[in-house]
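Student: Using the hints, put the two chains back together into the complex; each one sits in its own frame.
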Amino acid sequence: MTTEAPAPIIDVQGVSKSYRRGELVVPVLHDITFTIAPGEFLSLMGPSGSGKSTLLNLVAGIDHVDGGRIIVEGVDITRLTETELARWRANSVGFIFQFYNLIPVLTALENVELPLHLSGLSRRARREHALTALDLVGLSHRLDHFPGQLSGGEQQRVAIARAVVTDPTVLVADEPTGDLDRVSAGEVLDMMARLNRELGKTIVMVTHDPRAAARAHLKRHLDKGVLSADDPSENPD
Amino acid sequence: MILLRILIRNAFRNRLRTGLTILGITIAILAFGLLRTVVSAWYAGVAASSATRLVTRNAVSLIFPLPLAYKDKIRQVDGVSHVSWGNWFGGIYISEKNFFANFCVDPRSYLALYPEYILSDRDRKAFLSDRKGFIAGRKLADRFGWKPGDTVTLKGVIFPGNWDFVLRGVYRGRDRTIDETQFLFQWDYLNETVRQRYPSRADQVGFYMIGVASPERAADVAGSIDRLFKNSLAETLTETEKAFQLGFIAMTEAIVMAIQLVSIVIIVIIMAVVANTMAMTTRERIGDYAILKTLGFGGRQIALLIFGEALVITGIGAAIGMALTYPAARAFGSTLSNFFPVFNVARETLWLDLGAALVVAVAAAVIPTQRAIGIRIADGLRRIG
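Chains as they are written, first to last, in my numbering: chain A, 1 to 237; chain B, 1 to 385.
Isolated chain B (complex conformation) (with noise of 0.2 Å):
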């Protein structure tokens, strides 16, 4: 009790110093929170990914498409449960700046397979219904103010021309790791435009999304997936809708790896920094803890001395870092809503601030205590004064 006394009041006996460590602690772990959460919202998609969905696209690359009828003989093979299909449609809402994700899809089939888009029974039938309707994600009605009813147009790129939709739903995500940006309108309304303008490009789909019935057999229906269109003009591959959004990932794979780089390097800056304040606070204290020594205290109540205070700089810090992560998170994530349409601070990245915390603390500590320990008494009593 007594120790914990002393560890709390030296810890803030220089306050100046203490209050510019604390300070560095919470940017260095706003810092590193926060660029975890841009890896994590970079991984969003492979998080929100199901088991027992499977993603078909051509096997040369994912630009190239695929029959619309190969539907049917996927729907054929054994352990199939559901089969859907869609494009990637890349229509600019009035300006490039406004980037979001648009597909057009077979509703009923995809609705079936994305169960955590919650869609209400009335705007699911508005939808259906609707064979110009779209629906659209929380955020992204949000953003642009988009009530029902409201028409939208998309200028195409990849299918040029101005494209009208009616807004008929706003789904949301069943949970915070579900991506509510999205665009989604009927396969089929593309399908029937592009026959009467590019009839060659008519019945082409850019991927199907396949459900499984259990997540085991996921592997074997691949492959007979994939063995089905073997030798054919359009061959497939087919992979688990995991390793198709890592696929993704790969293509960016050095960001990913230098944003991770950069954190790990914050660390370690702001360990030297403790480090150094720990040094410092220690040399200071070489003569308390020479007294302590001498009324009888051993080595292991200097070390928890010295372990207790980088402990205490380190955790008022952290907790101040980790609170401010979460407004500097919601900020920085409605900032870059395009880029990054699920930006949560996930509670891994808070294991990993308290983790980053605790390290910091031991490593700054381990050197000022061998040295407190080290020291002879009568060397210790020697500096006071």
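Isolated chain A, as found in the complex (with noise of 0.2 Å):
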């Protein structure tokens, strides 16, 4: 008797993706192909302008493909327009990034209220949410300040609370830690394996910082364009 393995919750098929600069084509990625099942957490791995950013814009629907198909949950996304792709964004997809992203007019409870104005939820259900996404990351205390007041580690901590507050499927994060201190980076990347152990949440990271890269259970390299294969056993947990 075998186990059938879950289905993907992400399916990459032969992506690829050029950029433009003038007369010049630059290739970026060439024929993608990989799989992420449900509650994966996967770092993308790879040296300055390998496309990894490119490719986990892709999978998150901020970017087009030339080539290919990525099917997100059971929808191609490469065959959305750019509303349907908005509203699948707003439903689907959590970001986290580097540089934290956060709208600096709006107290930390604004922002992670910001995402569910697109979700037809009352003022008081918005306001609960945010609540709670902020008491998940520790900031019930920091709901009145402005980004501009709290530190880079509390930003980034308001930036999750975010993207977890409209409950997506899919996490991804682009540096996460790449603008933190050693102390904040380990915060964030604590809140982050559980967000995926405790809530299920499939997490897809890029990073340079192999500490953050050893906290997801899958690692990839990519390297001009083209990505290695799994190599799962080098974090088991």
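These aren't lab readings, by the way, just hints derived from the structure by calculation.
Keep in mind that a hint or two might mislead.
[Unchecked claim] The calculated label-pair distances, taken between Cβ atoms and stated as ranges, are:
hint, chain 1, residue 1, chain 2, residue 2, range
1, B, L20, A, P210, 43 to 53 Å
2, B, L20, A, V183, 19 to 29 Å
3, B, M280, A, V183, 32 to 42 Å
4, B, G355, A, G67, 43 to 53 Å
Note that the structure is predicted; figures quoted are calculated from it, not measured.
For each residue, glycine too, the CB sits at the ideal point set by N, CA and C.
Tutor: Okay, here's the thing in structure tokens:
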């Protein structure tokens, strides 16, 4: 008797992408194919310019492929219109960036509430969800602080709260510890690991930092637009 | 709601820049409002014209007189309800810098034709019964501190000599569009004096003011009057009071055009200033807009943020500018009351101010919005950090 593997939550098939710089066409990704199972924590590593952020953007639906398909939770996102893609991102993906990318004129609470304004929830429900998310990242005492009044680590925790507040199935993180000191980076990675372990969030993380990559179940290397083979043995945890 | 919060806070993110932009808009709207008010003041006579009044003058030129005898013939024209007459006196009070309009008129018929000049019964009676009496508009009397019973001497230029008059009443306008700076005295006083001093100039009038029964008949009546005096020694030209006033303005049309052009140039300049501000703010906030797009907000919401911010900044500047237009116009009007007897900020001017502010805000936001919506999210995010 064999155990059937769960259907992948992210299925990337033969994706290619290139950028145009004037007359020059610069290929970034060649025929990338891989899958990610639900609840997986994958880190993508590679040298600068290897195309890892581009791949992350494609998987998150904020950039368009030149060729190939990306299917997330059964939805071929390469076939969605711009409006459908925006709606899909709002419902299905949480974003964590290197520079936190909070809106500077909104407080921590307002920043976390922001994605919920597209959800049709009532004002009270939005507030409750945002408070819960901020509580989850341990920032209940910083609700009315603006990003400029928070430390880097706190800002990244607000960004994590914003990423999970809509309860997306997939979290994408682009160098989430790249702008943090070691202690804050450790806290952020702990938090992401907790989200993966306790809430079952599928996480795709791009990083340069081997310590950050070590927290993932699965590491992949991207070099010159080509993805290396899986190495699941590295982080069996 | 969240977008409203963002756009208002964004508007004051760079307080110095926003403050200076608002100051620029305030000054532009103030200047625009004042210039439009100058144009309105230029047309004040036209605005105060009645559709039931005609002016008959010598067809050759206004400076040539018409015989007094025409009045009885004009009165017989079908459709004519009133006939009055008068002359531009052109007298000087003490010195030329004290300029004001002064006319001699047939008082009874003239006041009947101009019900918008409000005069008490007592003043009216006093004026009609004193051959040397005159009435003055409220603003004119206030300007020189004249009180009823005061004797005022004008130095005649067209009719040389010193002319003494006694103030018998002060009229006020029925509304703010009525000129309250006129000096009106009895035509008979002028005519009797002229008959003694220059007999050949007696029984001549400068213009006839004619009341018609209904505005629809004005053109027919004007035609009938002019036909009546065709081929006479003094042919007439009859036109509506409005056309008559417009004829005066036509002489200074180039000035009015220049003022209107300057007012438009001001708006174009401020449009460039606001556009520059919006271009700078949008460039600075491309990262924010990319974040919003990443989170699922669409082009419409981004457009709302940029247009909203432009409207907030322009709206505040316009509101302050419009509020300041009133005291500025009062100060301007009292300083230049010799040239602009009626200098009021018209409601149309405020609508024009609002329209100009709206056009400035929208025009300034169009290109930044296109850029913000058009930029790829990945490119926008790359600008952060």
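Student: If you check the beta carbons of B:G355 and A:G67, does the distance land in 43 to 53 Å?
Tutor: 51 Å, holds
Student: Within 19 to 29 Å or not, the Cβ separation of B:L20 and A:V183?
Tutor: Violated - the Cβ-Cβ distance for B:L20 and A:V183, about 43 Å, lies outside 19 to 29 Å.
Student: Please check whether B:M280 and A:V183 have a Cβ separation lying inside 32 to 42 Å.
Tutor: For B:M280 and A:V183 the Cβ distance comes to about 38 Å; the hint holds.
Student: Could one say that the CB atoms of B:L20 and A:P210 fall in the range 43 to 53 Å?
Tutor: Given a distance of about 50 Å, which is inside 43 to 53 Å, the answer is holds.
Checked against the numbered hints above, the structure violates only hint 2.
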